[in-house]
Amino acid sequence: MHRDVKPTNVLINTKGEVKLCDFGVSGQLEKSLAKTNIGCQSYMAPERIKGESQNQVSTYTVSSDVWSVGLSIIEIAKGTYPYPPETFANVFAQLTAIVNGPAPTLPKGYSADAHDFVARCLLKDPNQRPTYAQLLEHPFLKADKDADVDMAGWVASAMERQSQRIVVPLPEVEV
Numbered sequence: 001m002h003r004d005v006k007p008t009n010v011l012i013n014t015k016g017e018v019k020l021c022d023f024g025v026s027g028q029l030e031k032s033l034a035k036t037n038i039g040c041q042s043y044m045a046p047e048r049i050k051g052e053s054q055n056q057v058s059t060y061t062v063s064s065d066v067w068s069v070g071l072s073i074i075e076i077a078k079g080t081y082p083y084p085p086e087t088f089a090n091v092f093a094q095l096t097a098i099v100n101g102p103a104p105t106l107p108k109g110y111s112a113d114a115h116d117f118v119a120r121c122l123l124k125d126p127n128q129r130p131t132y133a134q135l136l137e138h139p140f141l142k143a144d145k146d147a148d149v150d151m152a153g154w155v156a157s158a159m160e161r162q163s164q165r166i167v168v169p170l171p172e173v174e175v
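Sequential numbering of the sequence shown, starting at 1, is according to the working numbering.
None of these hints come from the bench; they were simulated from the model. Think of the CB as a built atom: it goes at the ideal place given N, C-alpha and C, for glycine as much as any other residue. Don't take every hint at face value.
[Said to hold, decoys possible] The calculated DSSO-like cross-link candidates involving lysine-lysine, where the alpha carbons are at most 27 Å apart (straight line), are: (1) Lys15 - Lys124; (2) Lys19 - Lys145; (3) Lys15 - Lys78; (4) Lys145 - Lys78; (5) Lys124 - Lys108; (6) Lys19 - Lys50; (7) Lys145 - Lys108; (8) Lys78 - Lys19; (9) Lys142 - Lys78; (10) Lys50 - Lys15; (11) Lys50 - Lys108; (12) Lys124 - Lys142; (13) Lys19 - Lys142; (14) Lys108 - Lys78; (15) Lys142 - Lys15.
[To be verified] Label pairs and their calculated CB-CB ranges: (16) His138 - Phe88: 19 to 25 Å; (17) Thr131 - Arg161: 20 to 26 Å; (18) Ala133 - Thr87: 23 to 29 Å.
Given the sequences, and given the hints that come with them, work out the whole structure.
Structure follows, in structure tokens:
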């Protein structure tokens, strides 16, 4: 179990290989449960936040990581975190929205399979969320499984575009 899934912990190298990083808070499961509450609060699943706010020892399964995968997909799709902090009075209001509010959704323009995949990841009841094995069998992931994708080319192009954006011309100096 990773316990800190979020977009900043997903890296893509110049070969187009996707890597999950920052295993500093990852842990082994003890009978499918972890008994410590570690990770970035805003990416925590509702059951983890609820346990922490009620001063309970939080036990959770990999379904908490599945929740974080759903949030990460939405953030990547929208370019912004699904529960933007600037829309809440404070972090407690933000965490309350995660626990009690409706789950965020993908914006329009994505396939029905993509919407379904994310919606299943973001089910409030952790027992209803799919397992990793079930996610791997979802039509959203299987649809393009054998597609010829030039991930390395896409990464190189994205890195080039990004480097062009951050070039700041130096001010002219009279000598």
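Hints, one by one, checked against the model:
With a C-alpha separation of about 36 Å, the suggested pairing of Lys15 with Lys124 is violated against the 27 Å cut-off. Only pairs whose Cα atoms come within 27 Å are accepted, and Lys19 paired with Lys145 is accepted, the gap being roughly 18 Å. Proposed proximity of Lys15 and Lys78 is supported: the alpha carbons are some 25 Å apart, at most 27 Å. A threshold of 27 Å between alpha carbons decides the hint, and for Lys145 with Lys78 the separation of about 23 Å falls inside it, so the pair holds.
For the given pair, Lys124 sits about 22 Å from Lys108 by alpha-carbon distance, which is consistent with the 27 Å threshold. Distance check on the hinted pair: Lys19 and Lys50 sit about 30 Å apart at the alpha-carbon level, beyond 27 Å; violated. Restraint check for Lys145 and Lys108: the C-alpha separation of about 23 Å stays at or below 27 Å, so the hint holds. Taking the CA atoms of Lys78 and Lys19, the gap is near 21 Å; set against the 27 Å cutoff, the hint holds.
Using a Cα cut-off of 27 Å, the hinted pair Lys142 and Lys78 holds, with the two alpha carbons roughly 22 Å apart. With a CA separation close to 40 Å, the supplied pair Lys50 and Lys15 exceeds the 27 Å bound. For the suggested pair Lys50 and Lys108, the alpha carbons sit about 30 Å apart, so the restraint of at most 27 Å is broken. Proximity of Lys124 to Lys142 is assessed by CA-CA distance (about 25 Å); at most 27 Å being required, the pair is judged to hold.
Between the alpha carbons of Lys19 and Lys142 the distance comes to roughly 20 Å, so the proposed pair stays at or under 27 Å and holds. Between the alpha carbons of Lys108 and Lys78 the distance comes to roughly 10 Å, so the proposed pair stays at or under 27 Å and holds. Annotation: proposed proximity of Lys142 to Lys15 holds, straight-line Cα distance about 22 Å (limit 27 Å). Hint check: His138 to Phe88, Cβ distance near 31 Å, so the stated range 19 to 25 Å is violated.
Thr131 and Arg161 have their C-beta atoms about 37 Å apart, which leaves the hinted 20 to 26 Å range violated. Taking 23 to 29 Å as the suggested C-beta distance range, the pair Ala133 and Thr87 does not conform, at roughly 35 Å.
Checked against the numbered hints given earlier, the structure breaks hints 1, 6, 10, 11, 16, 17 and 18 and satisfies all the rest.
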